[in-house]
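The listed protein sequences derive, respectively, from chains Z and U.
All the letters of the first sequence, read from the start, carry residue numbers 28 to 171 under the numbering used here.
All the letters of the second sequence, read from the start, carry residue numbers 6 to 256 under the numbering used here.
You may find that some hints are simply not true.
Claimed, not checked - Here are some chain U residues the structure puts well away from chain Z; computed CB gaps all over 12 Å: (1) 134; (2) 159; (3) 175; (4) 215; (5) 216.
Stated by the list, open to error - Simulated pairs of lysine-lysine, PhoX-like, Cα-Cα distance not exceeding 25 Å: (6) 117(U) - 118(Z); (7) 180(U) - 167(Z); (8) 69(Z) - 118(Z); (9) 167(Z) - 172(U); (10) 65(Z) - 117(U).
In case anyone wonders, no lab produced these hints; they're calculated from the structure.
These numbers were taken from a predicted model, which means no experiment stands behind them.
The beta carbon of each residue, even a glycine, is placed where N, CA and C say it ideally should be.
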Amino acid sequence: MSAHYSNHDLQHLYEGDQSKLYSGALSHHSDINSKESKDQVKRIWKVTGILTVVTIVEVLLGLLGHGFQPFSVIIAIFLILTIFKAFYIVKVFMHLGDEKKNFVYFVLVPLLLFFWLIIAFLADGQHWLNMNFTFANTIKDIFS
Amino acid sequence: MATQTYDIEKLSKWGGGRSPFNVSYGKIMMWFFLLSDAFTFGAFLVSYGTTRFFSKVWPDPNHVFHTFPFFGERYLPLMFVSLMTFILILSSVTMVLAVHAGHHNNREGVIKWLLWTIIGGIAFLSCQAWEWTHLYHTGGWWGSFTDLNTPVESFTHLFNHNKDIVKQVFETNPKLAMDATHNFYNYFFSITGFHGAHVTSGVFLNIMILVNTINGTYEKRGHYEMVEKVGLYWHFVDLVWVFVFTCFYLL
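The following block holds chain Z by itself, in its conformation from the complex (with noise of 0.2 Å):
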């Protein structure tokens, strides 16, 4: 006889718990003491210690570097440490680095967005600052 099997069973996770049915995808149902879990420990800590130690590197800049010239130098430091640290707590303690391709994808593609929000956005300050100058002088020709 062939071995039973049957859909109502996976229908039934479907419409009680789906969680049940993914929950596997992360969870290794081994021992909390096993090397495997120990080294995922030992990870953890490590990428602790990285954003601790960038941390300290963004205060120690922030309290040394105000008088660097170009100040813009420091400015992108900041930024790209930033980024960096927000790759590290997405990646390992949001495990988006352990979910599959396409959904990393689905996550990531939209925020590219804020590529047009910044520059959109930023340069419409710059832009009303000229202007205002722009508007403060003419108006100073015409009455001096």
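Assemble chain U onto chain Z, guided by the hints.
For chain U alone, kept in the frame of chain Z given last:
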């Protein structure tokens, strides 16, 4: 004759019956919520940036945030906020350890690390409460610095007078600096307040899943995915702080 070939693997992947992402519905929805929340925070921060680009001068964070509890008016720039940042990073670490314990169905581990996470969250909120109170007593609040009769002395110390543009503005039109101070405080309290509200609800969610864990709800269910989902939210709150920290305290 042309034969049509099907990629069986692909068909079965998207053919229903299972998640092509291998992620449960609840977790996908948590990710999508976080994505939308990222845009809310992003819009806040970009709006702050726009106003800053629009202003000739801007308060210097090293001068605004230079105090530490019990150290009076001693000049200790960035020290307190570094402590806050460190607390939040550590609470994120304890959260990921709780999630890790959950992966291995280790109930005691989940309880222990969730407790530490809750303590970290409350510590962060207490720090923020102190900082807000301190700034409030130095005159900063929503809608402050709008009165044209405000004496220049009440905001001149917030600016870095080594910069030529600052000197020039204070000599010719200090009202511009007052306006910038007003905008600075409005954005500061709105954005850190919105973030603090997220931390607060995160602490409540953590307490809820801690109670469930103690009651054995997840043990009976056979998995600790709820800890994972709340963990995603908690890490996101930490992630947002990384950007708030850069935008308000460093740049």
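Item to check | Pair hint outcome, residue 65(Z) versus residue 117(U) [Cα-Cα no greater than 25 Å] | outcome: Holds. Residue 65(Z) to residue 117(U) sits at ~17 Å (cutoff 25 Å).
Checklist entry - Can we trust that residue 216(U) is non-interface, i.e. its beta-carbon lies farther than 12 Å from all of chain Z? => result The claim holds: residue 216(U) sits with its nearest Cβ about 19 Å from chain Z, beyond 12 Å.
Checklist entry - Would you say residue 159(U) is clear of chain Z, with no C-beta pair closer than or equal to 12 Å? => result Correct as stated: the minimum Cβ-Cβ distance to chain Z is 23 Å, above 12 Å.
Next on the checklist: Check whether the Cα positions of residue 167(Z) and residue 172(U) lie no farther apart than 25 Å.
Outcome noted: Roughly 21 Å between the alpha carbons, so the hint for residue 167(Z) and residue 172(U) holds.
Next on the checklist: Need the status of pair residue 69(Z), residue 118(Z): alpha-carbon distance at most 25 Å?
Outcome noted: The hint holds at about 15 Å.
Checklist entry - Are the Cα positions of residue 180(U) and residue 167(Z) separated by 25 Å at most? => result Between residue 180(U) and residue 167(Z) the Cα gap is close to 18 Å, so the pair holds against 25 Å.
Next on the checklist: Run the distance test for residue 117(U) versus residue 118(Z): straight-line Cα separation, threshold 25 Å.
Outcome noted: holds (24 Å)
Item to check | Reported absence of residue 134(U) from the contact zone with chain Z (all CB gaps over 12 Å) | outcome: holds (22 Å)
Next on the checklist: Over 12 Å from every CB of chain Z: does residue 215(U) meet that, or does the non-interface label fail?
Outcome noted: holds (18 Å)
Next on the checklist: Quick check for students: does the CB of residue 175(U) sit more than 12 Å from each CB in chain Z?
Outcome noted: At roughly 17 Å from the nearest Cβ of chain Z, residue 175(U) sits farther out than 12 Å, so the non-interface label holds.
In summary, the structure agrees with every hint in the numbered list given earlier.
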